[in-house]
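J.: Next come the chains, spelled out residue by residue.
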Amino acid sequence: MKSAVIVFPGSNCDRDMAVALEKITGTKPLMVWHQDYDFETVDFIALPGGFSYGDYLRCGAMSARSHVMKEVIKRANDGVPTLGICNGFQILTETGLLPGALMRNANLHFVCKDVAMTVENTDTLFTKDYAGGEEIIIPVAHHDGNYFADDDTLDRLEGEGQVAFKYTSDINGAQRQIAGITNARGNILGMMPHPERMIEPALGGSDGRKLFTSLMNTLN
Amino acid sequence: MKARIHVTLKNGVLDPQGKAIEHALGNMGFDGVNEARQGKFIELELAETDREKAETAVDEMCRKLLANTVIENYSIELE
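Line by line, the protein sequences are chains R and H.
Following the working numbering, the numbering of the first sequence begins with 1 at its first residue and continues without gaps.
Following the working numbering, the numbering of the second sequence begins with 221 at its first residue and continues without gaps.
Because the hints were derived from the structure by calculation, they are not lab data.
Because the structure is a prediction, the values reported are computed rather than measured.
Note that CB positions come from ideal geometry on N, CA and C, so glycine has one too.
Misleading hints may appear alongside valid ones.
[To be verified] Subject to a maximum C-alpha distance of 30 Å in a straight line, what follows is the list of computed DSS-like cross-link-like pairs (lysine-lysine): (1) Lys70(R) - Lys284(H); (2) Lys70(R) - Lys273(H); (3) Lys74(R) - Lys23(R); (4) Lys284(H) - Lys74(R); (5) Lys239(H) - Lys166(R); (6) Lys74(R) - Lys113(R); (7) Lys239(H) - Lys113(R); (8) Lys273(H) - Lys260(H); (9) Lys284(H) - Lys273(H); (10) Lys23(R) - Lys70(R); (11) Lys113(R) - Lys128(R); (12) Lys166(R) - Lys230(H); (13) Lys230(H) - Lys70(R); (14) Lys70(R) - Lys260(H).
[As the list claims (entries may be wrong)] Some chain H residues close to chain R (C-beta under 10 Å, calculated; not the full set): (15) Val233; (16) Asp235; (17) Ile291.
Please work from the sequences and hints to get the whole structure.
T.: Written out as structure tokens, the structure is:
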């Protein structure tokens, strides 16, 4: 499984993502600097966490309009599995690849801790190794993770199984405690929690590992 | 030509920063502030001299970058 990690100025979880991908898939990912948008064909694209472009204007707003994202949007629309973590999720909503928006946490605090969440849909290429309703512990670290969409969109997301993960308690004001969603086709996942930081006991747990094995088992 | 753009959160979208400002004003003794909403102000210096063309262009800039229309409204003033 050949992966690419897109690196923007201000990304800071790109190396964590690279380590997780190499350890789990056995293949070093391609690190794609945002200006090198003509990158080789890959099976999977990851948009890492961080503070790309210093969160100027809105989180993810600048990255979403960058040259490399034009290429990512094209490939994601062609069906290439694409994962956005934290700032990557914000970028995906800013491009319109995923519905809704991520707003400032309702209590205004930067929340940085391990949180419990449930796997809401195991019928996606990112979650099939989890058990339905499984509760997992994954760290979050964000100031703008308060997921917002209008009620019709939320109903549709829940009705169509596009809500992949929900927090078990309200940590940031997110509508319906949504932690991660997929697009209708199911090849794009955006989530605020960081599964790449929970892939082995030395990191405090391995609950994030199954996300990557799900993907690998589907793609291989 | 100058364009002045106000970007504000839509009605019904919770504005936690506005709420914090409202509470702070209350705590400071400024009574009678029923609500505070926080937004952004963006000023552009445009080369365009035709008002209609400028308005069309700035509107497109707002829709494509300056505002996130999922959660925000915008208004444009030209001068």
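J.: Now tell me, hint by hint, if it's right for this structure.
T.: Hint by hint, here is what the structure shows:
This hinted pair checks out: Lys70(R) and Lys284(H) have alpha carbons roughly 14 Å apart, not beyond 30 Å. In summary, the hint linking Lys70(R) to Lys273(H) is supported, as the alpha carbons are separated by about 27 Å, within the 30 Å threshold. Taken as a hint, the Lys74(R) and Lys23(R) pair is honoured in the structure, with Cα atoms around 28 Å apart against an allowance of 30 Å. For the proposed pair Lys284(H) and Lys74(R), the alpha carbon gap of about 17 Å is at most 30 Å, so the pair holds.
Taken as a hint, the Lys239(H) and Lys166(R) pair is honoured in the structure, with Cα atoms around 26 Å apart against an allowance of 30 Å. At roughly 34 Å between alpha-carbon atoms, Lys74(R) and Lys113(R) are farther apart than 30 Å, so this suggested pair is violated. Among the hinted pairs, Lys239(H) with Lys113(R) is consistent with the structure: their alpha-carbon atoms are about 25 Å apart, no more than 30 Å. Taking the CA atoms of Lys273(H) and Lys260(H), the gap is near 23 Å; set against the 30 Å cutoff, the hint holds.
The hinted pair formed by Lys284(H) and Lys273(H) meets the criterion: a straight-line CA distance of about 17 Å does not exceed 30 Å. Restraint check for Lys23(R) and Lys70(R): satisfied, since their Cα atoms lie roughly 29 Å apart, inside the 30 Å limit. Between Lys113(R) and Lys128(R) the CA atoms are separated by roughly 25 Å; this keeps the pair inside 30 Å, and the hint holds. For the hint linking Lys166(R) to Lys230(H), the alpha-carbon distance of about 25 Å falls within 30 Å, and the restraint holds.
As the CA atoms of Lys230(H) and Lys70(R) are separated by approximately 28 Å, the hinted pair is consistent with the 30 Å bound. Our distance criterion of 30 Å between C-alpha atoms is met by Lys70(R) and Lys260(H), whose separation comes to about 27 Å. Given hint, Val233(H) at the interface with chain R, holds; its Cβ is 6 Å from that chain's nearest Cβ, closer than 10 Å. For Asp235(H), the interface hint holds, since its Cβ comes within 10 Å of a Cβ in chain R; the closest pair sits about 9 Å apart.
The interface hint given for Ile291(H) holds, since its Cβ lies 5 Å from the closest Cβ of chain R, which is under the 10 Å cut-off.
In the structure shown, a violation is registered for the earlier hint numbered 6 alone.
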